[in-house]
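Participant: The task is simple: from the sequences and hints, build the whole structure.
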Amino acid sequence: MKIGMMSFAHMHAYSYADGLMNLPNVELVGIFDDDSDRGKEVAEKYRTKHFNNQKSFLEMDMDAVIICSENFRHKEMVINAAKANKHILCEKPIATTVEDAEEMINVCDENNVILQIAFPVRFSSSMRRLKNMIDNGELGDIVAFRTTNRGQNPGGWFIDKEQSGGGAVLDHTVHMVDIMRWYLGKEIMEVHAIVDSYFHGIDIDDAGLLTLEFENGVIATHDASWSRFKEYPTWGDATIEVVGTKQTVTADAFKEHFRMFTSGPKSLSHVFYGNDMDFDLIRDFVNCVEEGRKPSITGSDGLKALEVALAAYKSSEMKSAVKL
Amino acid sequence: MGNIVLARLDKIDYQSTLRTIVDSVERQTEQNETVLLSSSEIKPATLSNENNSLFIPSTILDQALEGVNVYFDLENYPFFRKITEVIERENKPKGVFRLRRIINMDESKELIAGDLYVLSSLLGETQNIQVKHTNHTVAPYHVIVTVNFGSGTMAHMEYTFSYQDERIELEWSGIKTILEFDSETMHTLGQKGNNALALAYSVDSIIATAHRVDQRLVNRLNNFSMLVNGGAH
Chain A
1 MKIGMMSFAH MHAYSYADGL MNLPNVELVG IFDDDSDRGK EVAEKYRTKH FNNQKSFLEM
61 DMDAVIICSE NFRHKEMVIN AAKANKHILC EKPIATTVED AEEMINVCDE NNVILQIAFP
121 VRFSSSMRRL KNMIDNGELG DIVAFRTTNR GQNPGGWFID KEQSGGGAVL DHTVHMVDIM
181 RWYLGKEIME VHAIVDSYFH GIDIDDAGLL TLEFENGVIA THDASWSRFK EYPTWGDATI
241 EVVGTKQTVT ADAFKEHFRM FTSGPKSLSH VFYGNDMDFD LIRDFVNCVE EGRKPSITGS
301 DGLKALEVAL AAYKSSEMKS AVKL
Chain B
1 MGNIVLARLD KIDYQSTLRT IVDSVERQTE QNETVLLSSS EIKPATLSNE NNSLFIPSTI
61 LDQALEGVNV YFDLENYPFF RKITEVIERE NKPKGVFRLR RIINMDESKE LIAGDLYVLS
121 SLLGETQNIQ VKHTNHTVAP YHVIVTVNFG SGTMAHMEYT FSYQDERIEL EWSGIKTILE
181 FDSETMHTLG QKGNNALALA YSVDSIIATA HRVDQRLVNR LNNFSMLVNG GAH
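Line by line, the protein sequences are chains A and B.
So for the first sequence, my numbering puts the first residue at 1; every next one is plus one.
So for the second sequence, my numbering puts the first residue at 1; every next one is plus one.
Keep in mind that the hints were calculated from the coordinates and are not lab data.
Accuracy of the hints is not assured; some may be wrong.
As the list claims (entries may be wrong) - With beta-carbon atoms standing in for the labels, derived distance ranges:
1. A:Glu215 / B:Gly230: 22 to 30 Å
2. B:Met226 / A:Lys323: 23 to 31 Å
3. B:Thr177 / A:Lys83: 49 to 57 Å
4. A:Lys161 / B:Glu41: 35 to 43 Å
5. A:Glu162 / B:Arg81: 54 to 62 Å
6. A:Asn52 / B:Thr84: 51 to 59 Å
Using N, Cα and C, we set each Cβ at its ideal position, and we do this for glycine too.
Facilitator: As structure tokens, this is what we get:
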């Protein structure tokens, strides 16, 4: 299978490219990046061809593309790739506005191409085990969720609202909203949130607490922030606690680690040894294209998660709950 | 003047209690002895005693007479006192505060109002409080309290009323300071489930942290209680 990559603006592009290189049936046929220095560098690293012209890149013979641009460019690249009949894996969040996301989904449908959204946390082995437990009825009825997704300030275009569409709340809400929707099979109908900027003196949010209510009455909390500093033992987390009528179970996508102590400013580090979620996401996408099946994480899943994150900003501004 | 303390007896850490404790008013022979009684068995109204100061948990304040002293469960835990010290080192603490309790189904919801009282003393006046809860007839019963303390702190307080073992988790994500506590992991003995000391406190602590009940305190607690029981404001 021939796959191309569109932009390495998002750091996840590197692990996705590593994943492609490790799949025997996949060829990374080219990289489009209009940041020419970055594009040439990564093309050399992955021994492929660099394109700084999107049209020429999309004229290539390939089956699919992986888009890792700045958030606000997802729409442009998804639509162009769809019109060029390429299947698409798009980095999260799907877009920066609901309207853009809807248009992207529609264009992909019209051109009969797959649009999968990159929510790698779905491929965490602990998250999948918990999903199986829920589906097997081991937790009983779900009563509530508690979730977190905290990390470091990525800087760069992430803290430029025009390019990112939002700060920590947009960046770190969509993963766990997707997991909750996946576990429950229900939609969120109300969002209440406090969004603020505490940690980095930046003009974009770096902290947020969300309180959610699903259509069946399940309630949930989510802590989204860039509160982790570089000396903290790990980059951040992605956790969920599911409170059920039979039992309460916690899953932590980065729990599998050992502690490493060294002499220096960062004395303690958590060294992760769990499954490579990014690789499993890429493998799933490749299988999906190969088999011509519906993606495991659809554009609609990306849209639903985006709606919740954007509602959090609105709720915080209005100082009241927002109905979806 | 002596003291009478009403408390959950399973919460008392006798080793760190330095006062002389007796288990009934009749056995109190010296004024400096403290009578420790079970808060689940004794009503404060039956203890009107001019010779003793009365200390009761905040969860039964509605049963209290004038002039009693009220103490807050959270304020007594050694871990919470240390965490308070660290947060107070910052002039104007900014950050995200998360408190989670798993408590017995029979525990009073007034505990939440008491926690709000304690946290507003630490983090500032509450600007906005939002309360969400599940169907209280279904176990476990879960309550989420979202609080904006306005001065740069936001908080989630979450309560699961269930038949699981009691547990408290607390996190503070501040500026360049992150605090994490989980009573579940504080096994002072190498035996699973043996974390009783993490959630115990001394009688001395109860007396030292207690607040003289006045109208202002009653009003604040009533306000928090109404919010918890009645929804958002």
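Participant: Hint compliance check: list the failing hint numbers for this structure, sorted ascending.
Facilitator: 4, 5
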